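Following the hints, complete the assembly by docking chain F onto the known chain Y.
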Amino acid sequence: MTGSDHPANGLDDLVHQRIRLGILTIAHEARRVEFGFLRTQLDLTGGNLSQHLTVLETAGLVELEKGYAGKRARTWITLTKPGRAALADEIGRLKQLVARVDTTTTEER
Amino acid sequence: MTSDVVPADGDARRLLDDARGLARRVRVAQRVTWLPLLALGVVMFGAILVYRFTDPIVSDCRPDPLGGQVCRAWFLSAQIYWWVGLVLAYVVIAAGYLRVARDRGLGTRVRPYVVTGIALVVASALVGFAWQLLDYPYFPDTPPPLVTFLIRLVDASGATGLALLVLAWLERHVALAVFALGYLVVALVPINFGWGENWGSNWGMGPQLVINGGLLLLGSAGFALAQRWRRPR
Numbered sequence: 015m016t017g018s019d020h021p022a023n024g025l026d027d028l029v030h031q032r033i034r035l036g037i038l039t040i041a042h043e044a045r046r047v048e049f050g051f052l053r054t055q056l057d058l059t060g061g062n063l064s065q066h067l068t069v070l071e072t073a074g075l076v077e078l079e080k081g082y083a084g085k086r087a088r089t090w091i092t093l094t095k096p097g098r099a100a101l102a103d104e105i106g107r108l109k110q111l112v113a114r115v116d117t118t119t120t121e122e123r
Numbered sequence: 006m007t008s009d010v011v012p013a014d015g016d017a018r019r020l021l022d023d024a025r026g027l028a029r030r031v032r033v034a035q036r037v038t039w040l041p042l043l044a045l046g047v048v049m050f051g052a053i054l055v056y057r058f059t060d061p062i063v064s065d066c067r068p069d070p071l072g073g074q075v076c077r078a079w080f081l082s083a084q085i086y087w088w089v090g091l092v093l094a095y096v097v098i099a100a101g102y103l104r105v106a107r108d109r110g111l112g113t114r115v116r117p118y119v120v121t122g123i124a125l126v127v128a129s130a131l132v133g134f135a136w137q138l139l140d141y142p143y144f145p146d147t148p149p150p151l152v153t154f155l156i157r158l159v160d161a162s163g164a165t166g167l168a169l170l171v172l173a174w175l176e177r178h179v180a181l182a183v184f185a186l187g188y189l190v191v192a193l194v195p196i197n198f199g200w201g202e203n204w205g206s207n208w209g210m211g212p213q214l215v216i217n218g219g220l221l222l223l224g225s226a227g228f229a230l231a232q233r234w235r236r237p238r
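Chains as they are written, first to last, in my numbering: chain Y, 15 to 123; chain F, 6 to 238.
Part of the chain Y face toward chain F, derived, beta carbon under 10 Å:
| # | residue |
| --- | --- |
| 1 | VAL47 |
| 2 | GLY50 |
| 3 | LEU52 |
| 4 | LEU56 |
| 5 | THR92 |
| 6 | LEU108 |
| 7 | LYS109 |
Each pair of labels, with its calculated beta carbon distance range:
| # | chain 1 | residue 1 | chain 2 | residue 2 | range |
| --- | --- | --- | --- | --- | --- |
| 8 | Y | GLY81 | F | ARG19 | 33 to 39 Å |
| 9 | F | ARG116 | Y | ASP27 | 33 to 39 Å |
| 10 | Y | GLU71 | F | GLY219 | 48 to 54 Å |
| 11 | F | LEU155 | Y | ASP27 | 54 to 60 Å |
| 12 | Y | GLY74 | F | VAL132 | 44 to 50 Å |
| 13 | F | LEU223 | Y | THR68 | 45 to 51 Å |
| 14 | F | LEU54 | Y | TYR82 | 40 to 46 Å |
| 15 | Y | GLY74 | F | GLY219 | 48 to 54 Å |
To be clear, the hints were calculated from the coordinates, so they are not data collected in a lab.
Predicted model, so just to flag it, every value in this text is computed and none were measured.
We put the beta carbon where it would ideally sit given N, CA and C, even for glycine.
Excised from the complex, chain F in its bound form:
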């Protein structure tokens, strides 16, 4: 057997570098970055159909000074879809990570990511209920920008970006962190190309969901290709 005992001071740096290099190789081998992006992108596109084929619960309609009317709208079916869809996505992601890691001869830790994801879903649900209990504060006016920002941060689109940031931290994955930040900017800053303005209220969420979901699916394809190229043949 090779004893390979090394002198203390001189080789300490080399031993540390070796250990860091090995830890990094394990983290790279554990990555299945395309999977969460694909699962969350699919959930995002599924939401378009739910918004299209279900109707919000509308109440307290008032005339809008700019014409037409402004109402309170609660998208109950969509809300339930998001909770169920996101929890299922996290289950699929966790199972996928465990399976791929096992096939590569490794274990992996998915619990912090899944717990964060589910905590964000619960936070999102609590904010939704609180909004109902507080009887739609600011109605019929638009909430202040900071409140709007915070609501967007914990809604399904924002929570997806936060969960991806946690995954990037767990994997020490700089490229995913950059992607998640880019995604959050797109999800939190309302983008309006003028699409869907005359499509009716059931398509109102469509453009933003197409942009968010499209970005996730493109990211998934990009990370899958990058992983394929980097893997030794």
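Only chain Y is shown next, with the shape it has when bound in the complex:
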């Protein structure tokens, strides 16, 4: 594999990050997720999560929908089509990286 073929070269810095990858993973698995669930699962403050969501929304990877459940304001997060593609791409490249590391380790033994 040449340097340009290395799976790390195709990683998107926007997604290759624990919190944002977590947001995309949860939104993909849940189809639709509420802000509070994300905050709890990712162990973040509301402000920190909001900033990550703004980055993802600006990039067109998620959509935010604000509404009410009774008197309580709720924000729902949905993955967009580019968001699904970005997640699939990131997971694919991470798997390639892991496979590459495993192969290298086996060859060195």
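Chain F only, in chain Y's frame:
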């Protein structure tokens, strides 16, 4: 804001593990396993009453060499009950899943499960009609074991087990898959403890329905308790 960008190779495995762990937590949070078991168990017990208080359409009675007579019997009321009951159960289950998931701050996908359930009901109805159109093949003898097995697989009891297997696959829920397989064994292998032999034809289906329905209700209680214990307080 924490940028938290990680070096590529070394942390790829950790990122993947984190993503898998989060996906698993979402699936666990979406589960309401007790609900389909309860709804289908209730439908199963309701069928006992329908068989008891309605009569089959009987025709072509012939003397049985072993004594008595053997007839063609079409349980039309029970058939209609199963179609309506199962479709209603799937509607209740879908609505319940969506509501519970929303309360927990999640969406959920119930369509594949509901579509499978309704497809199984339709398949069951088609087999019933085909049996009528073919004019009760093998009558007055018993169908071969393989045909009997396939008929049992698509009838209401078997279709319930298949639908539970699909739900287990959707939820990646090993315990439910094991339960569904156990249920299918019980539903497909005729169990005869000798109950009901002298209770008359209107109670004939009772014992098997009590066993199937009882198993579903016990499973529902078991999964509800397990979910309660596992949920963080």
